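*Asks:* Listed here are the chains, written in short residue letters.
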Amino acid sequence: MSASAISIKGLTKKYDGKFAVAGIDLEVSYGEIFAILGPNGAGKTTTVEILEGYRFRDSGEVIVLGDDPQALGDKTYTWRERIGIVLQSSADAGDLSVRETVHHFAKYYPNPKDPESVISLTGLAEKADDKIRNLSGGQRRRLDVALGIIGSPELLFLDEPTTGFDPEARRAFWELIKTLRDEGTTILLTTHYLDEAEALADRVAVIADGKIVEISPPETLGGRHLAQARISWVEGGKQHERFTSTPTSDVATIASRMGGEVPELQVIRPSLEDIYLQMIGQSK
Amino acid sequence: MKVLRLGLLRGRLEIKQFLRQRESVVFTIFFPVMLLFIFGSVFKNTIAPGVTFSQYFVAGMIATGLVNSGFQQLAITIPMERDFGTLKRLHGTPMSPASYFIGKAILVTVSTVVQIALLMGFGAAMFGLDMPTSAAKWLRFAWLIVVGSACTTALGIAFSTVPKSGRGASAVVSPIVIILQFFSGVFFVFTQLPKWMQDFAAIFPLKWLTQGMRSVFLPDSFIQQEVAKSWEVGRTAIVLVVWTIIGIAVSVKKFKWSNS
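Residue numbers (the working numbering), protein chains in the order written: chain D, -6 to 277; chain E, 543 to 802.
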């Protein structure tokens, strides 16, 4: 068994002569939540579908749970027992109920989770006997997640799992993902929501135009922790501005100098979003 | 064995889904019975000593039943499952494709048997269809159903790779089935069709299935009315087996789990 759950070296994939993935290297450790963050069309889904064994790469090396997903041979089914996949979109005809579907999928796996507890864990308990066709978009997505985790996967792929969720459902979903992490599940997540990557991921790869721009923990992404804060205020009828890495003591100094309230005082740190937009903007 | 166990589970699930889709139940099971009722009521003329067109038509409709339940049903529903992402999701699980196809075969078998039983029941009650008169004919009936189902299932799976989308599938598949019904001696007496139509139909399984079903349900004296002056049982078996092999080969080579 290799040291990493996922190991990618020099991965490329072209469609119609254009690179969708243009040379990606990354390692995901066991037990880690790893997010691939990027705009639409950046190559996130292509990369993930190569890891899942749905697509074949043009070049590079890929090892997932110790095996190459496009050269599994008779290991295919034992390998698939160990992974869970939540695809980007699915819309089953929906003539089965949530309960029937989850119980049925549980039978595909050697060590499934209890279907009833998966149904309540994904917040579908009240809808368990409803036909899938009668579920809302968010509820269907939760069913996708339920079917992705029913087999107790060691490695879970989530491709934009919360698209179309309301804020409350997203929070609930994040809690679910943290529960899975606590159970030791390795999770690879793609998202175009920054706050999602920030809330969940141990590490984030920002990807744009098929290339990795940066891999780092969310709190240091784009040198965010080093970025200077901007202080602005009005003193002597004039607008002042200063960039500093010690904004608290600077404000204290200004305040004592001016003897009290500082007019129009602002302290602004770059948000993750500012940094992210800058990063994906630069790659173009 | 896991493949078989999951195949049986898939079969149960397929039947459950089938029964909940009102359109498919109506289209696959009741539509042929309605057609039988209409045609059988309109064309009551005698076409040979002791044989009415209604009886001839019932035999043809039973053969069509195999094509409806196998070829037509699968070639329409599989592209829809592909569009919906159902197939892609299944492909990502440890369930083997073999289990999926076993499930489909179970669905086809069950819907075929139900449809044929209904057609035979209606045919006997309303249009004087005689049940097969000897053990040999029952046996032939049985293998025609088994081999015919295998053939139309294999061809349905193979043809499911042709429609570009689930929505367009029935527009591609239904006309083929209807044209073959006209050409193969279901709606008209085969010998009254132009020679080129007969020759064309003889390439495809439906003509042989209708002829086989006539050999089961019509008196042997009707042989004189057949083009070959024979039931051509052996040739029927060969044609069906060859098409089954073609269907399996194409399925294995071309089957796709998703559109992209």
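Source of the hints: derived by calculation from the structure; they are not laboratory data.
Among the hints, erroneous ones may be present.
Said to hold, decoys possible - In silico SDA-like links for lysine to any residue, alpha-carbon gap of 25 Å or less:
#1 D:Lys106 to E:Thr628
#2 E:Lys795 to D:Ser90
#3 D:Lys68 to E:Phe797
#4 E:Lys558 to D:Lys68
To be verified - Below, a sample of chain E positions facing chain D; criterion: calculated Cβ distance under 10 Å:
#5 Lys544
#6 Leu555
#7 Leu632
#8 Ser638
#9 Gly670
Note that this is a predicted model, so its numbers are computed, not measured.
Heads up, the beta-carbon is just placed ideally off N, CA and C, and yes, glycines get one too.
*Asks:* Take the hints in turn and mark each one as holding or not.
*Replies:* Status of the hints after comparison with the structure:
The straight-line distance between the Cα atoms of Lys106 of chain D and Thr628 of chain E is roughly 21 Å, inside the 25 Å bound, and the hint therefore holds. Annotation: proposed proximity of Lys795 of chain E to Ser90 of chain D is violated, straight-line Cα distance about 34 Å (limit 25 Å). This hinted pair checks out: Lys68 of chain D and Phe797 of chain E have alpha carbons roughly 21 Å apart, not beyond 25 Å. Restraint check for Lys558 of chain E and Lys68 of chain D: not satisfied, since their Cα atoms lie roughly 32 Å apart, outside the 25 Å limit.
With its C-beta approaching chain D no nearer than about 8 Å, Lys544 of chain E sits inside the 10 Å limit, and its interface hint holds. Given hint, Leu555 of chain E at the interface with chain D, holds; its Cβ is 6 Å from that chain's nearest Cβ, closer than 10 Å. The beta carbon of Leu632 of chain E is positioned within 10 Å of a beta carbon in chain D (closest approach about 9 Å), and the interface hint is therefore held. For the restraint placing Ser638 of chain E at the interface with chain D, the shortest Cβ-Cβ distance is roughly 6 Å, inside the 10 Å limit, so the hint holds.
A hinted interface residue such as Gly670 of chain E counts as satisfied when its beta carbon comes closer than 10 Å to some beta carbon of chain D; here the least separation is about 39 Å, so the hint is violated.
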